[in-house]
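Read off the chains here:
Protein chains: 2
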Amino acid sequence: MVPEISEGQFTDDTVDANDAALDERMSLTAEFVRSVDESLLDEDNEKTRGLCEELRPADMADLLEQLPEGRRYHLVEVLGPQLAPETLAELAEEVRDEIIEAMPNAQIAEAVAELDTDEAAFVVQDMDDADREEVLAALDLADRLALQASLDYPDESAGRLMQREVFAAPSFSTVGQIIDRLRSGGRLPDLFYEVFVVDPGYKVLGSVPLSRFLKAPRDTRLTDLMADDLVRVPVLMDQEEVAYLFEKYNLISAPVVDESDRLVGMMTVDDVVEVVRTEADEDLLALGGVDREESGLSVPVPKIARSRFIWLAVNLGTAILASFVISFFDATIEQVVALAVLMPIVASMGGNAGTQTLTVAVRNLATRDLTGANTFRVVGRETAVSLINGAAFAVLLGVTAGIWYEAIGGGGPGEGVILGAVLAAAMVVTMLSAGLAGILVPVTLQRFGADPAVSSAVFVTTVTDVVGFFAFLGLAAIFLVG
Amino acid sequence: MVPEISEGQFTDDTVDANDAALDERMSLTAEFVRSVDESLLDEDNEKTRGLCEELRPADMADLLEQLPEGRRYHLVEVLGPQLAPETLAELAEEVRDEIIEAMPNAQIAEAVAELDTDEAAFVVQDMDDADREEVLAALDLADRLALQASLDYPDESAGRLMQREVFAAPSFSTVGQIIDRLRSGGRLPDLFYEVFVVDPGYKVLGSVPLSRFLKAPRDTRLTDLMADDLVRVPVLMDQEEVAYLFEKYNLISAPVVDESDRLVGMMTVDDVVEVVRTEADEDLLALGGVDREESGLSVPVPKIARSRFIWLAVNLGTAILASFVISFFDATIEQVVALAVLMPIVASMGGNAGTQTLTVAVRNLATRDLTGANTFRVVGRETAVSLINGAAFAVLLGVTAGIWYEAIGGGGPGEGVILGAVLAAAMVVTMLSAGLAGILVPVTLQRFGADPAVSSAVFVTTVTDVVGFFAFLGLAAIFLVG
Numbered sequence: 001m002v003p004e005i006s007e008g009q010f011t012d013d014t015v016d017a018n019d020a021a022l023d024e025r026m027s028l029t030a031e032f033v034r035s036v037d038e039s040l041l042d043e044d045n046e047k048t049r050g051l052c053e054e055l056r057p058a059d060m061a062d063l064l065e066q067l068p069e070g071r072r073y074h075l076v077e078v079l080g081p082q083l084a085p086e087t088l089a090e091l092a093e094e095v096r097d098e099i100i101e102a103m104p105n106a107q108i109a110e111a112v113a114e115l116d117t118d119e120a121a122f123v124v125q126d127m128d129d130a131d132r133e134e135v136l137a138a139l140d141l142a143d144r145l146a147l148q149a150s151l152d153y154p155d156e157s158a159g160r161l162m163q164r165e166v167f168a169a170p171s172f173s174t175v176g177q178i179i180d181r182l183r184s185g186g187r188l189p190d191l192f193y194e195v196f197v198v199d200p201g202y203k204v205l206g207s208v209p210l211s212r213f214l215k216a217p218r219d220t221r222l223t224d225l226m227a228d229d230l231v232r233v234p235v236l237m238d239q240e241e242v243a244y245l246f247e248k249y250n251l252i253s254a255p256v257v258d259e260s261d262r263l264v265g266m267m268t269v270d271d272v273v274e275v276v277r278t279e280a281d282e283d284l285l286a287l288g289g290v291d292r293e294e295s296g297l298s299v300p301v302p303k304i305a306r307s308r309f310i311w312l313a314v315n316l317g318t319a320i321l322a323s324f325v326i327s328f329f330d331a332t333i334e335q336v337v338a339l340a341v342l343m344p345i346v347a348s349m350g351g352n353a354g355t356q357t358l359t360v361a362v363r364n365l366a367t368r369d370l371t372g373a374n375t376f377r378v379v380g381r382e383t384a385v386s387l388i389n390g391a392a393f394a395v396l397l398g399v400t401a402g403i404w405y406e407a408i409g410g411g412g413p414g415e416g417v418i419l420g421a422v423l424a425a426a427m428v429v430t431m432l433s434a435g436l437a438g439i440l441v442p443v444t445l446q447r448f449g450a451d452p453a454v455s456s457a458v459f460v461t462t463v464t465d466v467v468g469f470f471a472f473l474g475l476a477a478i479f480l481v482g
Numbered sequence: 001m002v003p004e005i006s007e008g009q010f011t012d013d014t015v016d017a018n019d020a021a022l023d024e025r026m027s028l029t030a031e032f033v034r035s036v037d038e039s040l041l042d043e044d045n046e047k048t049r050g051l052c053e054e055l056r057p058a059d060m061a062d063l064l065e066q067l068p069e070g071r072r073y074h075l076v077e078v079l080g081p082q083l084a085p086e087t088l089a090e091l092a093e094e095v096r097d098e099i100i101e102a103m104p105n106a107q108i109a110e111a112v113a114e115l116d117t118d119e120a121a122f123v124v125q126d127m128d129d130a131d132r133e134e135v136l137a138a139l140d141l142a143d144r145l146a147l148q149a150s151l152d153y154p155d156e157s158a159g160r161l162m163q164r165e166v167f168a169a170p171s172f173s174t175v176g177q178i179i180d181r182l183r184s185g186g187r188l189p190d191l192f193y194e195v196f197v198v199d200p201g202y203k204v205l206g207s208v209p210l211s212r213f214l215k216a217p218r219d220t221r222l223t224d225l226m227a228d229d230l231v232r233v234p235v236l237m238d239q240e241e242v243a244y245l246f247e248k249y250n251l252i253s254a255p256v257v258d259e260s261d262r263l264v265g266m267m268t269v270d271d272v273v274e275v276v277r278t279e280a281d282e283d284l285l286a287l288g289g290v291d292r293e294e295s296g297l298s299v300p301v302p303k304i305a306r307s308r309f310i311w312l313a314v315n316l317g318t319a320i321l322a323s324f325v326i327s328f329f330d331a332t333i334e335q336v337v338a339l340a341v342l343m344p345i346v347a348s349m350g351g352n353a354g355t356q357t358l359t360v361a362v363r364n365l366a367t368r369d370l371t372g373a374n375t376f377r378v379v380g381r382e383t384a385v386s387l388i389n390g391a392a393f394a395v396l397l398g399v400t401a402g403i404w405y406e407a408i409g410g411g412g413p414g415e416g417v418i419l420g421a422v423l424a425a426a427m428v429v430t431m432l433s434a435g436l437a438g439i440l441v442p443v444t445l446q447r448f449g450a451d452p453a454v455s456s457a458v459f460v461t462t463v464t465d466v467v468g469f470f471a472f473l474g475l476a477a478i479f480l481v482g
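Chains A and B, in that order, give the protein sequences.
When the letters of the first sequence are read in order and numbered with full-length UniProt numbering, they come out as residues 1 to 482.
When the letters of the second sequence are read in order and numbered with full-length UniProt numbering, they come out as residues 1 to 482.
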């Protein structure tokens, strides 16, 4: 039986006290942001602290991001120790940098000490060297060494994303021994989801999910419980590869191992969700001609303008190339102005068909569904689709343009038929080139180690524009004018 | 100390027996796929079974997807009971449909009985009614009721994605009592990550992560361990909203509740990772003018061609509108053919600038960073960026075009200056319209409940094409020809 409630609806009981600031989709309401902003302007610090008291760190981070630039650090100052350290890890990069820069290093160190190594590395990685040294120096030895080790791994590697706090147990342990050890306290990770089983050299042998562990009698040995087809993450693996493993094998956490297969840390899926989002975003933004660094809403205008200028300049190169093709046929256009009217249609259809194929290719390369084993088949498929749609639009546009040209009385009698035929032929050629470029360009870029999302669109548009204009105007020059 | 190993490298010890089929990025190798394909063609069933013996379900699914269409069900037949039921849940939709259709219903029922409700629903949801009834009838009562209830929830709702198998305990229980209960067996979920604490009416009061639970002495009460700022998922919430909650609050699992806040199931983050990927993909594909249903590599050609045709036809409408604007100025173009040469540059730059803004807007709407509270500020930002880049390219292109026009000796003396000025002015107008359309169109669509990714691109291109051609040719008609 389906309870009769509308989609996304919360009842009063579902909403916690702190959810007064949130709408029914659990986003901060615009009114709440405004009221905090006002209480900051009014210097009513008690009211400000009261409003923020029950916010979860993620919501606190959202609030800081949505406040105008000048007010963000002001809020941090007003909140003082009330601000949860996790908030810093949740912030968008440009906002975090802004706040970290304004914060005294001693206060940053206090916050960092309370975070797991992955979050702590996130917070300090973009600080300038002198400040970071000061923060590191203020940590206790164990925290400092762990954080330093994490920072020594390359950006976007498993080593940087992992937390060093893990729970591992020797293979001869029993369930009862482990529970006793856990209850006795000590340096344990705050949250973990499996017990990693290691040999005396700290080599990972397998793992036992906590839920399976809990169902077993006290005297069960770990080796009898553990799964040995465990997926291990090499410490230098790129985050995109790590995300692929987590997605593919539905992992919740995974051991991170060094070259000797020794356990050095743990990655959990919540970090991976962010990577999946980031990587998918990068493809989306790259296809749209946007750098990821400028996609945040708090990036300053000159930086955005500069970054977009570069992409637009690349596009200008393509456009000028297309213009050059057109200028080649200026005499033809002078005789038959209808060509100037129709030629954007050819280019536009080609560009769109190319973008469709390119988008599918980039997406299937990202999910690794497009592989060496099926490239040939996929190229054949795209060729077939291009020819079908090319033929369909050739008929549609050829007939329409022919009738239109006759109707406006352009050219001599029967020239409408020729114009229609020229447009139809150009359409098929352009659509076919769009389909082929849309699949071959990204596949080739990928094979040469380039990111197929970043540079493909320009190549594909160049091909479709040049082929489109050349085919249409060239055929017209031969059959219509000559 | 960083171990000196190259990125992504596995040592022999890291690679399990079944990883022989996988490359260093844990993708199936093309050679492995080929050798299975060959052993299938050779009818060497023993070899086929041997090759597939150690594959994890996700890799088995990849293998099936990469085989040619005719060979997929053949492999399923050869493997027989060796095929893990989870494989069915891992398959891409169109491949799963193909295999399910070929499989006897009794065998499907056997597989479904072994899966959690969310996976089982996934497998049977697209079967035709008669077949699904037959599969349901073959299940035992409890499984049948659970699966039926799951199917009664709308597609893409939490109710459909959740598993009904949860572990809940009354608030007065102690850690020791729970452990005893877990050890005694019974109908328990295979994997779970927290104990949900419920009142006698099965209302969720809080939850205890297993790792915290394990650290507590036997006589600790659950109420002393539980977090009460638990995020609950309403059973009818849309999967996109659910993914937002998991991402924002870094959740591993969450209780799904009905309208009375009663526990009805559990969602885990591994399902959410897929949703995040799917939703991000949908935006990417929508912006590229592609339906998600046709983005898989196993979709038949006629279906792809039809789906793309629709998008291309919509684009044709835009292109014809732009042509109409051009045809309005045919006399002007006849006099100054250079306009036909330059006009695609204006349209192309406008289209690209519009796409940049649109991409950023769609992305920030998806992550809910673009909200009612900051729309006004973001529109101002886009206006500023458009004006800056519009002015930059106006100068660059105006000067270049002017010099070019004088060089080719077009028009009377000094007309190069006018042409340059016309192009420059058109550039600023077009870029500004691109920036405004790029942000206002998606925001408006979102406000009216439409998907900003799906329809925005067409609107934005229409605006930039029409404004671009109209501004350039219109200004030329006034200042250059008139």
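Wrong hints could be hidden among the right ones.
As the list makes no split between identical chains, a pair holds if one copy fits it or if it spans any two.
Said to hold, decoys possible - In silico lysine to aspartate or glutamate, EDC-like type, Cα no more than 20 Å apart, as pairs:
(1) 47 - 155
(2) 303 - 94
(3) 248 - 93
(4) 248 - 23
What the hints contain is simulated information worked out from the structure, not anything from laboratory work.
From a predicted model like this one, the values you see are computed outputs, not experimental measurements.
Hint check:
1. 47 - 155: Close neither inside one copy (40 Å) nor across copies (44 Å); limit 20 Å.
2. 303 - 94: within (12 Å within a copy, 44 Å between copies)
3. 248 - 93: between (28 Å within a copy, 15 Å between copies)
4. 248 - 23: For residue 248 and residue 23, the Cα distance is within 20 Å only across copies (14 Å; inside one copy 34 Å).
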